[in-house]
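Asks: If you want the building blocks of each chain, they are given just below.
Number of protein chains: 2
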Amino acid sequence: MNIGIIGLGAIGGSFAAGLRTAGYDDVYGIDIDEETIRIALESGMIKQGGTNIKDFLPELDVLILSLYPSQIAPFVEQYAPFFKQGLVLTDVTGVKTTIIEQVRAVLPPKADFIFAHPMRGSEKKGISGADHTRFLNANALITPIDSNLEENIQTIEKLYKALGFTTLTRVSPEQHDEQIAYVSQLMHALSVAVVNSIQASDETLTFAGNSFQELTRIADINGELWSELFLNNRTALLDSIEQFEVELNALKQSLIENDEHTLKQLFKQATTQRRHWY
Amino acid sequence: MNIGIIGLGAIGGSFAAGLRTAGYDDVYGIDIDEETIRIALESGMIKQGGTNIKDFLPELDVLILSLYPSQIAPFVEQYAPFFKQGLVLTDVTGVKTTIIEQVRAVLPPKADFIFAHPMRGSEKKGISGADHTRFLNANALITPIDSNLEENIQTIEKLYKALGFTTLTRVSPEQHDEQIAYVSQLMHALSVAVVNSIQASDETLTFAGNSFQELTRIADINGELWSELFLNNRTALLDSIEQFEVELNALKQSLIENDEHTLKQLFKQATTQRRHWY
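Heads up: the protein sequence lines correspond to chains A and B, in order.
Just so we're aligned: the first sequence equals residues 473 to 750 in this note's numbering.
Just so we're aligned: the second sequence equals residues 473 to 750 in this note's numbering.
Don't take each hint at face value.
Stated by the list, open to error - Partner residues aside, some chain B positions facing chain A, computed with beta carbon under 8 angstroms: (1) Phe554; (2) Asp603; (3) Phe679; (4) Phe684; (5) Glu686; (6) Asp692; (7) Leu703; (8) Arg706; (9) Leu709; (10) Ser712; (11) Ile713; (12) Ala742; (13) Arg747.
Note that these hints are calculated values from the structure, not bench results.
None of the values given here were measured: they were computed from a predicted structure.
A virtual CB, placed ideally from N, CA and C, is assigned to each residue, including glycine.
Just chain A, same shape as in the assembly (with noise of 0.2 angstroms):
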């Protein structure tokens, strides 16, 4: 089976160098950026690789786009010409029901994609941030769509135990996207809120302890990548961060009305939903 992996990022380039660790010899890496084709030739990543997907592409079986959202459906457009007949496609992207809208409209027949996201990022950028080992224990999101081919979602599934994902879960791209905002996304628009603050200043961290550390950690954010995530998936994430102020607009009026019933009611519901959960 011949794979191909689109980006040789972090992801992509962990993707390479997992796929041939679990022993899949023929890996085949395409990127912009010929260092980055060369550093991936030298360490084994890949078998062969190069910056022209056209020289690849009639040859694979498995093709991996480890690449922006906005990327996805171009890509797919552009290419489909040159892909093998019963090419499985796949992505890696944190937002599926806009992406899938849009490559639904320019998929081939004669290709299946097989939505997914791997979940483990990377605070690294580029091929120094690949490792075979990002992906052992990690959890992993199948989105099927009603033109997959179940043999396709297994063949991708069977790459991804092979990587050292644990657990696989398949699950509609609208649970997916609505369940991502809420766990991810909010997250990742709070903490960028608490660090914009006209209260951050140079004093802060004569004051802070761990929890504004952690809680902040997320704010130093790949602001390319996520506002793609973000505007991919922006009635999900709005309607997840209004049902996050109602709880905070609870928190606050129980403050204003110096309301300590309530604020201990809060807080146990917290203590026992957090406890459930970890």
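Place chain B on chain A using the hints.
Replies: The following block gives chain B in isolation, referenced to the frame of chain A:
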């Protein structure tokens, strides 16, 4: 120097254990729980101890009140008649202006109260959380008031240094409360509101990654203590929440307007500030 500690929980117990380790022999412990006193004596955290403060108070030169905010002023009022001339009191609470106002109204002239905030919390409760290494490399804030004698401030600072605190910063009570509202209380409010959201469910962890786990850690909160901390600082906390909301609203507005340019600017601002700090 005879040092008394009231409340041998995770914080008070760590003060006791740390002071004994640092060579302060004459450490006396008072707690409402007899079993706690027994453990403290057996483990050598204290020289003597008991449940009745009156047995020790007349001999004490320094008294550390490791009590809840609401207990500080009532304690001072009740036991002032038994204070030794020149007693130096100190507290460990995370709010200052309201506590100071309450204490000032009842503090006798023969005693001085150095208000302090050791910045190292505990997830553990009770004496089992006592640890002589707890305060190594921790920071502390001292909030002097006009009536404090410089030598008494230095007495407390010396004890903190002996416990392993590295940075002791003197700030005004008002600045303390404003900054703590931002770096600590706001974090707890956000975490609680996230966990209390209607979006929370048994499925959440299928989708959650590191950021969700980190950001919700402090939603497992001691409601008895934190309701007091919040309500004693509610004006500053409400201000801090409102300043946070200004930034959250800016993010929301960029989503509503599908405004990628503004969104990227907000992310860039956050990234720059976060990297400036850490």
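Asks: If a hint holds in the structure, say so; if it doesn't, say that too.
Replies: The hints, checked one at a time:
1. Restraint check, Phe554 (chain B) versus chain A: the minimum CB separation of about 31 angstroms is more than 8 angstroms; hint violated.
2. The interface hint given for Asp603 (chain B) is broken, as the beta carbon of that residue sits about 16 angstroms from the closest beta carbon of chain A, more than 8 angstroms.
3. With a cut of 8 angstroms, the hint placing Phe679 (chain B) at the interface with chain A holds, because the nearest CB-to-CB distance is about 4 angstroms.
4. Because the closest C-beta pair between Phe684 (chain B) and chain A is about 4 angstroms apart, less than 8 angstroms, the hint holds.
5. Residue-level restraint check for Glu686 (chain B) holds (minimum Cβ-Cβ distance to chain A is 5 angstroms; threshold 8 angstroms).
6. Hint on Asp692 (chain B) holds. Least Cβ distance to chain A is approximately 4 angstroms, under the 8 angstroms limit.
7. The beta carbon of Leu703 (chain B) comes within 6 angstroms of a beta carbon in chain A, closer than 8 angstroms, and the hint placing it at the interface holds.
8. Against a cut-off of 8 angstroms between C-beta atoms, the interface hint on Arg706 (chain B) holds, since the closest Cβ of chain A lies about 4 angstroms away.
9. For Leu709 (chain B), the interface hint holds, since its Cβ comes within 8 angstroms of a Cβ in chain A; the closest pair sits about 6 angstroms apart.
10. Look at Ser712 (chain B): its Cβ gets to within about 6 angstroms of chain A, closer than 8 angstroms, so that hint holds up.
11. Given the 8 angstroms rule on beta carbons, the hint for Ile713 (chain B) holds: about 6 angstroms separates it from the nearest Cβ of chain A.
12. Here the hint on Ala742 (chain B) is kept, as its CB sits about 4 angstroms from the closest CB of chain A, short of 8 angstroms.
13. Of the supplied interface hints, the one on Arg747 (chain B) holds, with its beta-carbon coming within about 6 angstroms of a beta-carbon of chain A, less than 8 angstroms.
Checked against the numbered hints given earlier, the structure breaks hints 1 and 2 and satisfies all the rest.
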